[in-house]
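Those protein sequence lines, which keep their order, are chains A and B. For the first sequence, the numbering used here gives the first residue as 1, with consecutive numbering after it. For the second sequence, the numbering used here gives the first residue as 371, with consecutive numbering after it.
Treat the hints with care, as some may be off.
[Said to hold, decoys possible] Restricting the straight-line Cα-Cα distance to at most 20 Å, the calculated cross-link-like pairs of lysine to any residue (SDA-like) are:
1) B:Lys726 / B:Glu689
2) A:Lys49 / B:Trp586
3) A:Lys128 / B:Phe610
4) B:Lys498 / A:Lys65
5) B:Lys601 / B:Trp586
6) B:Lys504 / A:Val220
7) A:Lys356 / A:Ser336
8) B:Lys498 / B:Asn528
9) B:Lys709 / B:Arg642
10) A:Lys231 / A:Val220
11) B:Lys504 / A:Lys327
12) A:Lys128 / B:Asp606
13) A:Lys65 / B:Asp463
[To be verified] If you only want the chain A side, here are some residues facing chain B, beta carbon under 10 Å, derived:
14) Arg138
15) Phe152
16) Ala197
17) Gln364
Because the hints were derived from the structure by calculation, they are not lab data. Bear in mind the structure is a predicted one, so any value in this text is a computation, not a measurement. By construction, the Cβ of each residue, glycine as well, lies at the ideal position given by its N, Cα and C atoms.
2 protein chains.
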Amino acid sequence: MKLRALLLLLPLTAAVQAQQPSQPPAVRSPEVSADRRVTFRMRAPNAAKVTVFCECLTSEPAMTKDADGVWSVTVGPLEPDIYEYHFTVDGVDNLDQRNPVVKYNSRPNLIESVLEVPGPAPLFYDVKSVPHGKVEIRYYPSKTTGTTRRAFVYTPPNYERGTNRLPVLYLLHGADGDETVWTQFGRANLILDNLIAERKAAPMVVVMPFAYAYPWHAGVAGEKQRADFEKDLLTDLIPFVQSNYRVNTDRDNRALAGLSMGGGLTLAIGPRHLDMFSRLAVFSSGGGQNPEKTFADVAANAKNVNGQLKLFWIGVGTEDGAMAGSKRMSEFLTASGIKHIFKTTPGAHTWIVWRKYLNEVAPQIFPATS
Amino acid sequence: MKLRALLLLLPLTAAVQAQQPSQPPAVRSPEVSADRRVTFRMRAPNAAKVTVFCECLTSEPAMTKDADGVWSVTVGPLEPDIYEYHFTVDGVDNLDQRNPVVKYNSRPNLIESVLEVPGPAPLFYDVKSVPHGKVEIRYYPSKTTGTTRRAFVYTPPNYERGTNRLPVLYLLHGADGDETVWTQFGRANLILDNLIAERKAAPMVVVMPFAYAYPWHAGVAGEKQRADFEKDLLTDLIPFVQSNYRVNTDRDNRALAGLSMGGGLTLAIGPRHLDMFSRLAVFSSGGGQNPEKTFADVAANAKNVNGQLKLFWIGVGTEDGAMAGSKRMSEFLTASGIKHIFKTTPGAHTWIVWRKYLNEVAPQIFPATS
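One chain only, chain A, in its complex shape (with noise of 0.2 Å):
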């Protein structure tokens, strides 16, 4: 990272400043080939060890160190799609140091490199010729929490000149996620550009808070963290967001969604929020240990549910550990008589199925209007 500095500092023409590279290009890492095989590399001369964890792979693959030093290992071929990955040396994780795209994260130790395999023709997540709409980084007071929070919000095409109000969907983040991470990784974004484009979903708001109510340093402890943002969202957030954007202001024109905490979050506020929301989404997500307990309010209160919710959805991957909470959960709600949709898909705890599934369930909760 020195020579960055080094380079930076002298006094190049304009032109060359442009075109000077940060590094020599000896090492090139992740590489793609054209038959979707990846080549993993890592300068470390003098380490011991050094192993690729990705999610791609379902070992831990040691990498081999050539002459000069650097490690590498080939895979593949992958199916196209996008990957988190890191390379560990001699125990100690680190990303690869020669791919720029990396995910964020809000909690330490949980940044990852980005792999991406693309598919022969952009995939439902990618950018392709169609209206985009555009995403707002908002700053919102809250009462509850007593600071300036963020928020992102996706505004679909055409947006600014339309004058019809749009239904709204709130959408939540895992563990460790941030406001940033839905749009950054998620790419909730261009799912919905594209699901617009092609008529499968209705033009909607989507709004991306951060789901914790206080940022992890602060120590809080999780009841106040949820009871607080359960609190930010509904008496804070949402009259922001119905006093700043052209919405509908009633339950038949909001829903929740979330994975893994997000859905958490969702079973918890939705069902027991029926004047709030018509349609939930939860993904990845159980009820936890007991819902015969926790949720005795919800299943006490099962006609009333299945009366306002025009959608329940829960979906799981079948290799998720989210798998036998989901399959509890919903086996609870079937006993409950709480009508809903439990549909499993291959897949783990990742980001590989949360994008899927918003590409599966936008159209389900606001379904294009011929």
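Fit chain B to the given chain A structure using the hints.
Frame of chain A; chain B shown alone:
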């Protein structure tokens, strides 16, 4: 990072999930004490040597290992500011694995951990209790590059509710940056929010594009990068902004500024497009080794330049490697009879300086009208 995956898979209740830390809280880094001393820590039991490189320091101190294999060093007290740093473990650079805050870059090997040392009260780049504008993540079609490109666009508080047209500043990043960095690390939006609240700067739109025509991995040569970026800016982005934002479209209300490579672009583009820009600001960037030759056309047009430019501001830190080139450029402009402000300040080639420069120059670019 594997512990994270395991924890997420456990079928916890939503409440427990919300509070579940991702890692045992054993190692805290960076730890900022009340007296603004900072302790860096890194767990690397097998390493022989670990050092820290921080722009807050003038040396690269070695860290010492405790019985648990955790390396640490305490430095400071430090001035309140935002600093970049990383660790070097047996010759391999690594982020601080306990710190979730990173500075992103568009090229490899340049991602850095971020240390924020807070002031006794919110600083000029902090969130204050003032009205907040927003930043829009926009996609626009570029005929120049044949691709869909992304720009970040700041709009001031209450932009949606206003009716008068606003001035617009095009603000460029440096080498290895991208369209996110002025917002995510430079805090341009918060700096503007605060300046507007204090009635120092006029409400303005700030457009922050990707200042390369093509991504680094495309391997496009520097002159084509520069020329195509200029064409994209002038013939794709500016028309897009004028079609999609409530901005004035005359040259009096259009400014161009940038840092380092973006300052070089400002120097190369601005004085040659007086029909487009009336105010220029150049941060930490010279005009190359032979401005007499490179800018001969601009010197020959000195009278027009003086007549048309309402601000031509060049700033550079006295410890910046770009100091000599900036000084040479200023001397050349003076010799050519071109009026400009040449300002030197303490500081090096760093965002510490560029945040301050934006704070200083934005009110000069578009002053608040009382």
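Now the hints, each set against the structure:
A hinted pair counts as satisfied when its Cα atoms are at most 20 Å apart, and Lys726 (chain B) with Glu689 (chain B) qualifies at roughly 15 Å. The suggested pairing of Lys49 (chain A) with Trp586 (chain B) is violated, with an alpha-carbon distance near 30 Å, which exceeds 20 Å. A C-alpha spacing of about 18 Å is found between Lys128 (chain A) and Phe610 (chain B), which places the hinted pair at or below 20 Å, so the restraint holds. Restraint check: the Cα-Cα separation between Lys498 (chain B) and Lys65 (chain A) comes to about 51 Å, which exceeds 20 Å; the hinted pair is violated.
Proposed proximity of Lys601 (chain B) and Trp586 (chain B) is supported: the alpha carbons are some 18 Å apart, at most 20 Å. Distance restraint check for Lys504 (chain B) and Val220 (chain A): the Cα-Cα separation of roughly 28 Å exceeds the 20 Å cut-off, and the hinted pair is therefore not satisfied. For a cut-off of 20 Å, the pair hint linking Lys356 (chain A) to Ser336 (chain A) is broken: about 29 Å separates their Cα positions. The straight-line distance between the Cα atoms of Lys498 (chain B) and Asn528 (chain B) is roughly 16 Å, inside the 20 Å bound, and the hint therefore holds.
With a C-alpha separation of about 15 Å, the suggested pairing of Lys709 (chain B) with Arg642 (chain B) holds against the 20 Å cut-off. With a C-alpha separation of about 15 Å, the suggested pairing of Lys231 (chain A) with Val220 (chain A) holds against the 20 Å cut-off. Between the alpha carbons of Lys504 (chain B) and Lys327 (chain A) the distance comes to roughly 41 Å, so the proposed pair goes past 20 Å and is violated. Under the criterion of a C-alpha separation no larger than 20 Å, the hint pairing Lys128 (chain A) with Asp606 (chain B) is consistent with the structure, at around 18 Å.
As the CA atoms of Lys65 (chain A) and Asp463 (chain B) are separated by approximately 18 Å, the hinted pair is consistent with the 20 Å bound. Checking Arg138 (chain A) against chain B by beta carbon gives a least distance of about 5 Å; that is within 10 Å, so the hint holds. Interface hint at Phe152 (chain A): satisfied, since its Cβ lies 8 Å from the closest Cβ of chain B, which is below the 10 Å cut-off. Hint on Ala197 (chain A) is violated. Least Cβ distance to chain B is approximately 13 Å, over the 10 Å limit.
At its closest, the beta carbon of Gln364 (chain A) sits 23 Å from a beta carbon of chain B; the interface hint therefore is violated under the 10 Å criterion.
Checked against the numbered hints given earlier, the structure breaks hints 2, 4, 6, 7, 11, 16, 17 and satisfies all the rest.
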